[in-house]
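Read top to bottom, the protein sequences are chains A and B. Be aware that the first sequence starts at 1, since it is given in this note's numbering, and climbs by one per residue. Be aware that the second sequence starts at 1, since it is given in this note's numbering, and climbs by one per residue.
Treat the hints as calculated values from the structure; they're not laboratory data. For each residue, glycine too, the CB sits at the ideal point set by N, CA and C. Watch out, some of these pointers could steer you wrong.
Calculated pairs, BS3-like style, for lysine-lysine (alpha carbon to alpha carbon, straight line, at most 25 Å) [unchecked claim]:
{"no.": "1", "chain 1": "A", "residue 1": "K248", "chain 2": "A", "residue 2": "K128"}
{"no.": "2", "chain 1": "A", "residue 1": "K252", "chain 2": "B", "residue 2": "K157"}
{"no.": "3", "chain 1": "B", "residue 1": "K227", "chain 2": "B", "residue 2": "K155"}
{"no.": "4", "chain 1": "A", "residue 1": "K29", "chain 2": "B", "residue 2": "K128"}
{"no.": "5", "chain 1": "B", "residue 1": "K33", "chain 2": "A", "residue 2": "K157"}
{"no.": "6", "chain 1": "A", "residue 1": "K33", "chain 2": "B", "residue 2": "K155"}
{"no.": "7", "chain 1": "B", "residue 1": "K155", "chain 2": "A", "residue 2": "K155"}
{"no.": "8", "chain 1": "A", "residue 1": "K165", "chain 2": "A", "residue 2": "K248"}
{"no.": "9", "chain 1": "A", "residue 1": "K157", "chain 2": "B", "residue 2": "K227"}
{"no.": "10", "chain 1": "B", "residue 1": "K165", "chain 2": "B", "residue 2": "K128"}
{"no.": "11", "chain 1": "A", "residue 1": "K19", "chain 2": "A", "residue 2": "K125"}
Simulated restraints, written as ranges between beta carbons of each label pair [stated by the list, open to error]:
{"no.": "12", "chain 1": "A", "residue 1": "F193", "chain 2": "B", "residue 2": "T140", "range": "19 to 25 Å"}
{"no.": "13", "chain 1": "B", "residue 1": "E166", "chain 2": "A", "residue 2": "Q31", "range": "32 to 38 Å"}
{"no.": "14", "chain 1": "B", "residue 1": "E166", "chain 2": "A", "residue 2": "T126", "range": "41 to 47 Å"}
{"no.": "15", "chain 1": "A", "residue 1": "F193", "chain 2": "B", "residue 2": "K19", "range": "36 to 42 Å"}
{"no.": "16", "chain 1": "B", "residue 1": "H198", "chain 2": "A", "residue 2": "L284", "range": "36 to 42 Å"}
Number of protein chains: 2
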Amino acid sequence: MFEESKSPAQSVSSLGEFKLIDELTQSFKNQLKSSVKGIGDDAAILEPTHEQILVSTDLLIEGVHFNLGYMPLKHLGYKAVTVNLSDICAMNAIPTQITLAIAVSNRFNLDALKEFYAGVETACKTYKVDLVGGDTTSSTKGMTISVTAIGSVEKEKACRRDGAKEGDLIVVSGDLGAAYLGFQILERERKIFEVNEHHQPDLDLYAYLVERQLKPEARKDIVELLKQLDVNPSSMIDISDGLASEIKHLCKESALGCKIYEDKIPIDPTVVRTAEEFKLDPSLCALSGGEDYELLFSISQEDYTKIKANPNLSVIGHFTGPNTGCYLVGRDESMAEITAQGWDSFRD
Amino acid sequence: MFEESKSPAQSVSSLGEFKLIDELTQSFKNQLKSSVKGIGDDAAILEPTHEQILVSTDLLIEGVHFNLGYMPLKHLGYKAVTVNLSDICAMNAIPTQITLAIAVSNRFNLDALKEFYAGVETACKTYKVDLVGGDTTSSTKGMTISVTAIGSVEKEKACRRDGAKEGDLIVVSGDLGAAYLGFQILERERKIFEVNEHHQPDLDLYAYLVERQLKPEARKDIVELLKQLDVNPSSMIDISDGLASEIKHLCKESALGCKIYEDKIPIDPTVVRTAEEFKLDPSLCALSGGEDYELLFSISQEDYTKIKANPNLSVIGHFTGPNTGCYLVGRDESMAEITAQGWDSFRD
């Protein structure tokens with residue numbers, strides 16, 4: 001999906017900030033009527049098509065959230081956008097615009113930044129969102145990225161974390177655990193490369209896992225699917241820190257407990273095979289791995305017939321009454337309390 | 001305005017990300033009906049009161065945009081908010097919400113972050129804006145701050161940079177050059193302190209300059225004043241990089257030239273006196289200094305009578321036809337082309 005750039009390397013400081021922004025964003029075209037005025041003024045002017053808007057901001061720091069040793073800049077640009085769009089999708093809403101602010105040290109030349117913006121542009125086109133503003137500045141160390149995503153939604157249609165009811169079914173999109181194992185594969189290859197720089201990695205066997213790590217998608221298609229199916233989820237979140245951490249957020253905010261059935265958690269065969277290779281429990285990869293950016297949501301039992309035939313959606317459990325705790329029901333019908341071991345940038 | 005914190009120092013990593021966010025934001029209360037759901041979900045839900053919204057994002061990097069050697073954390077929190085609100089005011093609009101993302105190294109403990117957030121909270125209260133979301137993460141070096149400001153405005157009322165007409169008067173709010181000299185004062189004190197750590201700075205003489213640097217305000221009051229006066233500016237920008245740089249932006253975007261009269265540029269007597277002390281030209285401080293966050297805008301000549309008596313507003317020149325160039329008319333009636341020497345993080 002990504003082509004290589006051919007122009008000669010140019011330093012960023014020789015251009016200056018304003019020409020740099022022009023250079024990086026000139027190929028971006030606004031796709032939406034709601035983007036009245038994009039890049040080039042003090043603020044973007046938007047005219048939302050629905051009554052309510054959604055806003056989410058993330059900060060990504062080199063060496064904390066990404067490693068350029070195995071994350072190509074185009075993929076990083078793509079991922080920086082999609083993980084933020086995922087937060088809008090997690091409100092059961094359609095993302096419409098982003099702003100992007102980056103800070104880079106003098107280690108990054110114009111070509112490197114163009115690569116990054118090419119990934120941003122691909123994500124904008126794929127998801128039909130417009131880049132409407134931002135900031136480009138220098139840093140004393142490494143690369144820092146801040147993306148703010150904006151969406152719009154009809155009044156009272158946004159899905160919050162606090163709306164689940166006792167008895168509601170817990171549903172997850174896609175499959176879980178792959179992004180975490182993709183990270184393990186890339187880390188292993190990086191370590192081998194450090195010892196032997198002639199090493200040629202053969203990632204074909206792990207292509208799905210690596211793609212899930214390097215090029216995660218926001219499940220805008222699931223938001224559209226739920227609308228088509230006439231399903232209004234009662235609560236929703238996206239899985240950035242692992243299923244365990246996210247289900248606990250829904251339970252806490254909705255003041256409920258839950259039961260998740262281990263054998264219902266959707267796990268790709270590649271995840272099962274690779275987890276074994278790493279001597280890891282595939283269910284644990286799904287529960288604590290994170291970065292899958294699938295949607296986790298709840299629906300009323302009456303809506304079950306609307307979703308049961310859909311291969312993109314798995315019912316993995318249900319909400320239980322207040323103060324009943326969060327439990328994982330094992331394949332042997334054992335009950336284990338779910339503890340959140342999601343990723344924490346301050347600890348890991 | 002800022003009280004000192006009394007609680008014992010606590011490390012950030014011992015809390016974890018979610019408790020940290022709770023700890024830092026629990027005292028923030030939403031003030032606006034348009035903030036339907038703030039912190040604590042995947043995205044904030046807003047219900048704008050007007051048809052159009054405005055969005056602006058900035059990234060502030062320690063060692064590039066601020067120096068904690070003389071910038072107290074509370075002031076930094078305040079300034080990080082106000083400089084972003086200024087971008088919304090610069091569209092002739094009222095800011096309503098912000099999101100805030102920060103990344104900090106392990107050099108910052110909980111008390112330090114609380115100080116920063118106290119400044120953010122003061123700014124939110126002063127400007128009646130709500131903090132509705134964000135991100136708190138670790139960094140490998142120093143502190144990084146990203147603020148996204150949101151405002152709302154009636155359709156076709158937002159003031160862009162490209163709307164000035166030939167003959168329109170150029171107006172600036174407040175006075176210019178003080179923030180730049182405040183920075184010079186603080187830099188001088190820092191250098192003296194490096195040599196003699198018992199040095200007690202006497203900043204009384206320079207209080208106005210230092211306050212303009214450390215605690216800049218967004219001119220929301222000017223936006224409100226213009227509405228009261230029934231003046232609709234034809235173009236507008238805020239002065240973050242210096243008058244010269246900003247007037248050139250207006251000229252470029254509106255495809256016009258301009259004449260600015262040196263003797264009309266509003267300069268505080270403290271600026272004149274201190275510029276002389278530093279052997280600097282006060283007009284040059286106003287033209288190239290930056291960080292004043294005053295509003296620069298244009299009005300039709302018919303609106304002149306509405307503003308002429310106002311001590312907060314100075315007419316400093318007018319727009320001339322296309323391709324006529326941007327000129328400064330000196331006190332001796334000499335004409336000099338205006339060159340933008342605004343601050344550029346990649347160069348300075």
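Status of each hint after checking the structure:
Distance hint between K248/A and K128/A is unfulfilled; the C-alpha atoms sit about 32 Å from each other, more than 25 Å. This hinted pair does not check out: K252/A and K157/B have alpha carbons roughly 43 Å apart, beyond 25 Å. The straight-line distance between the Cα atoms of K227/B and K155/B is roughly 15 Å, inside the 25 Å bound, and the hint therefore holds. With a CA separation close to 34 Å, the supplied pair K29/A and K128/B exceeds the 25 Å bound.
Among the hinted pairs, K33/B with K157/A is consistent with the structure: their alpha-carbon atoms are about 18 Å apart, no more than 25 Å. Straight-line distance between C-alpha atoms of K33/A and K155/B comes to about 14 Å, which keeps the hinted pair within the 25 Å bound. As the CA atoms of K155/B and K155/A are separated by approximately 20 Å, the hinted pair is consistent with the 25 Å bound. At most 25 Å may separate the alpha-carbon atoms for a hinted pair to count; K165/A and K248/A meet this at roughly 14 Å.
Restraint check for K157/A and K227/B: not satisfied, since their Cα atoms lie roughly 35 Å apart, outside the 25 Å limit. Among the hinted pairs, K165/B with K128/B is inconsistent with the structure: their alpha-carbon atoms are about 33 Å apart, more than 25 Å. Simply put, K19/A and K125/A have alpha-carbon atoms about 23 Å apart, close enough for the 25 Å limit, and the pair holds. A hinted range of 19 to 25 Å holds for the C-beta pair F193/A and T140/B, which are about 22 Å apart.
At about 34 Å, the beta-carbon gap between E166/B and Q31/A stays in the expected band of 32 to 38 Å. Taking 41 to 47 Å as the suggested C-beta distance range, the pair E166/B and T126/A conforms, at roughly 43 Å. Hint check: F193/A to K19/B, Cβ distance near 38 Å, so the stated range 36 to 42 Å holds. In this structure the hint that H198/B and L284/A lie 36 to 42 Å apart at CB is violated, the actual value being about 58 Å.
Of the numbered hints given earlier, the model fails hints 1, 2, 4, 9, 10, 16; all others are met.
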